[in-house]
Amino acid sequence: MTEQAAERVRKVALVGNPNVGKSVLFNALTGAYVTVSNYPGTSVEVSRGSSTIEGSPWEVIDTPGMYSIHTITEEERVAREILLHESPDVVIHVLDARNLERMLAMTIQLIEADLPVILVVNIMDEAERMGLTIDLKLLQEKLGIPVIGAATGRKRGLDEIRKCINGYVRETDQHRFLYSRLLEHDITEVCGLMQGDYILSRRALALLLMQQDDEITSIVRHKEGDAYAPLAEKVRAIAFDRRESFHLDLSLERKEIVRGIINGVFHAPEKRVVTLAERFSNLSVRPLTGVPLLLIVLYFGLYQFVGVFGAGTVVDFIEKKFFVELFNPWISGTVKNLIPWEIIQELFVGEYGIITLGIRYAVGIILPIVATFFIFFSFLEDTGYFPRLALLVDRVFKYFGLTGRAVIPMVLGFGCDTMATMVTRTLETTRERIIATILLSLTIPCSAQLGVIMSLLSKYPGALLVWSGCLLLLFFVVGLLAAKILPGEAPMFYMELPPMRLPQFGNVVTKTYTRMQWYFLEILPLFVIASVMLWLGKITGFFEKLVNAMTPVMASIGLPRESAVAFIFGFFRRDYGAAGLYELQTKGLMDARQLTVAAVTLTLFIPCVAQFLIMKKERGWRVAGAIGLFVTLLAFGSGYLLNKALLVTGLLA
Amino acid sequence: MKLTDHAEEILESMWIAIEEDGRGYADMVSIGISGDDPALKELVSNALVEIKGERLNFRPEGRREGEMTIRRHRLAERLMMDVLNIRGDSAEIKACQFEHLLNEGVDAKVCTMLNHPTTCPHGKRIPPGDCCHEARSSGDLGVVPLTELKSREEGEIAYIQTDDGKKMQKLMAMGVLPGNRIILLHSFPSYIFRVGFSEFAIDSAMAREIFVRR
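So the protein lines, in turn, are chains A and B.
The first sequence maps to residues 1 to 653 in the working numbering.
The second sequence maps to residues 1001 to 1214 in the working numbering.
Hints may contain errors.
As the list claims (entries may be wrong) - Non-contacting residues of chain A with respect to chain B, defined by C-beta distances greater than 10 Å in every case (computed):
(1) R98
(2) Q195
(3) D226
(4) A229
(5) V314
(6) I359
(7) L472
(8) L646
As the list claims (entries may be wrong) - Computed list of lysine-lysine pairs in DSS-like fashion (alpha-carbon distance at most 27 Å, straight line):
(9) A:K587 x A:K459
(10) A:K234 x B:K1166
(11) B:K1167 x A:K398
(12) B:K1052 x B:K1002
(13) B:K1150 x A:K398
(14) A:K320 x A:K538
(15) A:K484 x B:K1167
(16) B:K1150 x A:K271
(17) A:K398 x B:K1166
(18) A:K484 x B:K1052
Treat the hints as calculated values from the structure; they're not laboratory data.
On a predicted model such as this, the values are computed, not experimentally measured, just so you know.
All C-beta atoms, glycine included, are put in the ideal place defined by N, C-alpha and C.
Looking at chain A on its own, in the form it has when it is part of the complex:
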């Protein structure tokens, strides 16, 4: 190796099926942290990190999960982009030892494409527990590429992987796997008509062309220029001849090749070992036991841990004991001593001061609630419970035009709707994404909001009932209507179920930490900006005008004019608004009916600024704008109706 080559930063790309441990390996190689979860399809974006491996600089690229080099979903396409356009110096194919047979099909494709492949047979620990044995030496011999056994979750095999990456020298004669004579004939004919230079081998491209891969077709058309016409003609003729079952034939031929390779390499015990986790998994997917289990999880996780402990005990302690009694008086005094101008004092420690209001809300009320929620969510995510929950609710979600898959963003929405809106990306069709976005922005209260509203209404059990009844009703009605109105086909549901496992403490902590970090960086500036805006509004008198302007709207839904303030807060963040209501209630300005109406309207009301921005980013201006308008109208409309209904029936009076 020349010195110049050593200077250049080389690239290593990690590819493989979803949920095989690519992200764990990425973290181990780079020291950076990508959210790792026991949930297929969580890395939607490509993560990059730089690292020094065995003394040389490397760029490590983590790709979303892909099942085959012939891509179907958006994530797979993103993953293949890396292989197509970045020509990585090493491609690491990570696969799950337990499913060696199924996943080797992609290794074959990577080798066939002439990529510099290293195979990492991961999750060896669990495979061993199941009594499987894999002869890695023999596998290496048969494949003609480096093969390493690993259990990246337990840091096994990492050194070998590092050595192998840095010392990678391409074998000049990687093995060729032969297909049937008929298919080989077709491949040869197509390859013979190709003239351009490609990153992937012609052989692989020929097969992709025959599979009618649009992206590859356009690349080849572009490269070949005039020579493309006869090539296209040939491909069309073959595709037509084999129209009955080309995909199937190819899969079967690959399966046959894999079977040959695996013969003598992979040994499974006669009898399947049934683990405790499998028994538990069984319980979680049967409605008879699964639904009670879900209720238990929700009761202890959401209600007891997040609601009672997070929003109650911890908030009481930090907000009341620390901020109101100790910190605020002290900081007010200090600021007033330092800054002589009253207006500036107001900015920091006034009624809407950055410190006394913004920071207090963010740290005292929102932080404990969100933190406990993320601990709960990360724990659950790592057990592998979510895919099971998804299949449990799939039938119900179908009525809303969604599949069980959408349960993940929905549950996450109870933590942070903004983050959940981002995760709707993992849904397959645009239609599902839009429906999920609507439901999230309308009916799912985020944890901060939930916590505040719970404590707000906890004194009136009836109010809590009315509030949750309204939200549930709207969730169903809007979901059903959206499924009816939005054009598009009913989605299909399929999902791989990862084995259930006990989460590792460190993993849950890091995951909660990264989520908290993201959340805090996102909300704190907004709270500060909100404080500044409110301060500006106050000193210019604009705020007063706005409150006046909103008074008729507030009056029409039966609320005192002071509550307008909470709604103006609510525009910045819904939880901020809810916290505003909390203040009003403490001052005794609202009765049970008004509180309920305000809570319902505010929960439905426009998502916080951050969520709106993400909606715009994910769905575009038009859709985001339409949803925003719809949500606002529906929120105040429902508030109006609810108020009338409560007045007429005399409920909660």
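Use these hints to put chain B onto chain A, whose structure you have.
Positioned in the frame of chain A, the structure of chain B alone reads:
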């Protein structure tokens, strides 16, 4: 004995009136034939049908013949709908023409191909033929969709039948390949199956498209 098309149609009408509507006889006027119809003469001379005034009755061989004729008609309907994907009136007309070709063992072949269906597309019963009885007694349940398997039942994937190419590729990438062993673990609320060492959940729409040999 090869009957004319029209004679077969009379047998069908009679069979519906007598066996399905349970009237005990068929009325010439209500099934729309006249006493001097040559097809009716043909049936009488073959000792299939007897005439008592305005009423028609089956003789034992006639009942059997009527049953097989109705069977051929309904098999033809299924063939039009399920396999050739022809629907509506044109399916009915084509079925009427097609049924007359389904004799001399062709019906058994078609019936086996359709996996011995028991009802026609309109929900009426298809009388079982010898092939159906044989299949039943030999326990050869043939190839069935995954939805028909019981929990914990195992089989070999026979084929995937779907119009949606992407769905097919997705399934194949998940290891749902003809020849692989598949175990159905649960069928409610979603279908959960195991291939190799992985478990997957799919909805019933997808489960209907995976065909398994038991």
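Q. Which hints from the list above does the structure break, by number from lowest to highest?
A. 1 and 18
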